[in-house]
Amino acid sequence: MNVLLVEDEARIADFVMQGFAAAGHQVSHCSDGEQALAHLLQHQPDIMILDLMLPLQSGIEVLRSVRASGRALPVLILSAKLELEDRLKGFEFGADDYVPKPFYVEELIARAQVLVARNGGAFEATVQVGPFKLDRLKREVSWPDGSVSLSSREYSLLELLMRSPGTLFSRQQILQQVWDINFDPHTNVVDVCIQRIKRKIESAVSAHGVSIESVRGVGYLLKVQPRAG
Amino acid sequence: MLGSSYKFRSLVHLFIGVGVIFFANRQFAQYNLGRQLTEQVRADLGQGLAKCSQTLPNQELYLQCFARIDDANLITEVVAHAHVHCPPLGSGLALASALIGPCQALRDERTAWRPSPDSDVGPIENAQSTVDGQLWFAVRLGDAPQGSMLLLRRTDVENFKTQIWALRDRNLLFALPLVLAGILLVNLFVTFFALQPLRQLESYMLTLDSSNLQGHDQPEPQFVEFRQFLSIFQDLRARLKDSLERARRFAGDASHELRTPLTILRGHCEQLIRSQPVGSDTQVQARVIGDEVERLITIVEKLLLLSRADANSLQPHMQALKLSETIEQMVGDNDPAQSGLQVRAQVQPDIIWLCDRSLVVQMLHNLYANAINYNVPGGWVRITLEQRDNAIALSFENPTSHISDELLTRAFERFYRASHGRSIQGHGLGLSLCLEIAKVHAANLSIERRPGEIFCVSLLVPLPAKAGLPANVGLR
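Here the protein sequences line up with chains A and B, keeping their order. If you use the working numbering, the first sequence corresponds to residues 1 to 229, in order. If you use the working numbering, the second sequence corresponds to residues 1001 to 1476, in order.
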């Protein structure tokens, strides 16, 4: 995925670029609106991640110029302005998604991938990690000698872990991406859900070397152990 | 307060007014009736004198004489039933017996009195005598023919006065309802017109909210007396508008200025965590920092939400939320066995609420987490959701160790935490935030202590009239 990141705050741009690069994507960075429009004249990124409060030309003006030129480039707005009015304005001018700051890079990457896939007409019906296959339509996880259906929460959580195997997710990160809540409810919902998934895939874990690991005090990750031989 | 009611004060003024009218009426009647009676008596005397004209030639002198007696405050007492009598004419009449005393007295104790030195009234002889319990006066001019005299009978003045006042009071009794009605009408009329500018201002103020404080259609003062008042009001409105604007700007500026460093903190912290070997000490330490960053983000987000609520700029994004389903899922996400609590949910199915999903979900999680975290070991949580005629009622009940009066009065205060719950995770912003979320949805959030140290939080959501509802919203 070829990403154009338009963000004036260098320290934010820094970790976003590193995150995308670590996930195997190419990222170009522009720090103001004019630079972004100039870049678009010469390049064809798959998606533009756009901050709203930019010097020289605001994010909304950049978005308007892009849409006025007739380009169907997916645009994901990244902003600290969360007012309903701002969000609606973004969508009104043709944004495809709106990610509020502060955000998790993993979530940003996941959303960007969804937008690019949607734009290219691609739809991944399954997510596969080793012998584990997650069916997005049936909401079930299967392995060579078995399968189990999941509840919507269990499915969302497992999908999050399977999309980035080996990546450690904190409870808060899971809450935000699975429960869609950006606050700590001070309950053990994440742990309960992880336990339920673990119980369901218990029989497959030992046989196929894919497991959900809990890192004490840090979070959870999907671990894939290389098969011997 | 009744005492501060304008109507009550008007009523008090009315009664004072009636009292003043009574008093004034009494004084006026006393004065006026006295005068009228005097006039009447004079007229009677005049008539009497006219009758006596043949034998009483100096009528003018008699009249002057009566006037002087009147000055001595006798006539007003005597005149009411005064009779003029001429002995030569009336000697054979019924009053003859009454004449004996005064006439005798006049003969025996004759006194001469001259009204004034420059008057040409001759010496006046007068006398008085009590005959049959009544006081009689006899008056005769010194130069009048012998035997011609006027006799005046003094009546029972007190009785006479009583009769007069009774008559006046009776008249007043008939007149009072009319007088009162008149005063009331006048009062209402005056009040109506006096309050009209205030009513105008009141209806104008009712149209004001945070969105139209700039007010292009300001009311014009109808009366000069209200100019100053209106000017003060406009000044207050302008200051309120400025404050709200400042609060709005603060919420907007603060959101950017706070979220940007928090984004950097979170981003780099997560990057650090990912870069460390899984389960290493550095990773765990970085996670501790990350958790504190998350805590900070949560507090900042809650404060920003509260500041937007304070500035009236919290705009809910209304969507239909399957409330029954959301609550059931929330309960299902928790494992009662792990928390050691029994969770009983009595949820009426298929209730839908037109609300801001993100805000309401936050409120539900907050209320549920409170019920779990402020519970007793081996306790329970009861969640009840039902739709009544025109409202959705949701309640969270749980036993807790101690519900103080302070908790009940201060639970919705920002950063307030119950003394017995200080060890429980939280920031003391949850309930105040829930209250604001309820308010923005025109719902009512309340807390109460039920018998047996049961803490209950209730949410009551009034539903709009069914006719105006989109399909299924707020309906089963």
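Everything labelled a hint here was simulated from the structure, so no lab data went into it. It should be emphasised that the depicted structure is a prediction, and the values quoted were computed from it without experimental measurement. Every residue gets a Cβ at the ideal spot worked out from N, C-alpha and C, and that includes glycine. Please note that a few of the clues may not be correct.
Dumping the calculated DSBU-like pairs for lysine-lysine here, alpha-carbon to alpha-carbon at most 30 Å [as the list claims (entries may be wrong)]: (1) K1439(B) x K138(A); (2) K200(A) x K89(A); (3) K1439(B) x K89(A); (4) K138(A) x K200(A); (5) K1241(B) x K89(A); (6) K1322(B) x K1439(B); (7) K198(A) x K1322(B); (8) K1439(B) x K1241(B); (9) K89(A) x K133(A); (10) K89(A) x K1322(B); (11) K223(A) x K198(A); (12) K138(A) x K89(A); (13) K223(A) x K200(A); (14) K1439(B) x K200(A).
Label pairs and their in silico Cβ distance ranges [to be verified]: (15) D14(A) x H1256(B): 36 to 46 Å; (16) M53(A) x R1239(B): 26 to 36 Å; (17) S206(A) x D1350(B): 23 to 33 Å; (18) S58(A) x A1391(B): 41 to 51 Å; (19) Q1285(B) x D180(A): 49 to 59 Å; (20) D1350(B) x L137(A): 22 to 32 Å; (21) W1380(B) x S206(A): 37 to 47 Å; (22) Q1346(B) x A117(A): 36 to 46 Å; (23) N2(A) x T1409(B): 40 to 50 Å; (24) R71(A) x R1295(B): 34 to 44 Å.
Each hint, compared with the structure:
| no. | hint | verdict |
| --- | --- | --- |
| 1 | K1439(B) x K138(A) | violated (41 Å) |
| 2 | K200(A) x K89(A) | violated (44 Å) |
| 3 | K1439(B) x K89(A) | holds (25 Å) |
| 4 | K138(A) x K200(A) | holds (16 Å) |
| 5 | K1241(B) x K89(A) | holds (25 Å) |
| 6 | K1322(B) x K1439(B) | holds (20 Å) |
| 7 | K198(A) x K1322(B) | holds (29 Å) |
| 8 | K1439(B) x K1241(B) | holds (21 Å) |
| 9 | K89(A) x K133(A) | violated (39 Å) |
| 10 | K89(A) x K1322(B) | holds (27 Å) |
| 11 | K223(A) x K198(A) | holds (13 Å) |
| 12 | K138(A) x K89(A) | violated (36 Å) |
| 13 | K223(A) x K200(A) | holds (16 Å) |
| 14 | K1439(B) x K200(A) | violated (42 Å) |
| 15 | D14(A) x H1256(B): 36 to 46 Å | violated (19 Å) |
| 16 | M53(A) x R1239(B): 26 to 36 Å | holds (30 Å) |
| 17 | S206(A) x D1350(B): 23 to 33 Å | violated (43 Å) |
| 18 | S58(A) x A1391(B): 41 to 51 Å | holds (44 Å) |
| 19 | Q1285(B) x D180(A): 49 to 59 Å | violated (29 Å) |
| 20 | D1350(B) x L137(A): 22 to 32 Å | holds (26 Å) |
| 21 | W1380(B) x S206(A): 37 to 47 Å | holds (38 Å) |
| 22 | Q1346(B) x A117(A): 36 to 46 Å | holds (43 Å) |
| 23 | N2(A) x T1409(B): 40 to 50 Å | violated (59 Å) |
| 24 | R71(A) x R1295(B): 34 to 44 Å | holds (42 Å) |
In summary, the structure is inconsistent with hints 1, 2, 9, 12, 14, 15, 17, 19 and 23 from the numbered list given earlier, while agreeing with the others.
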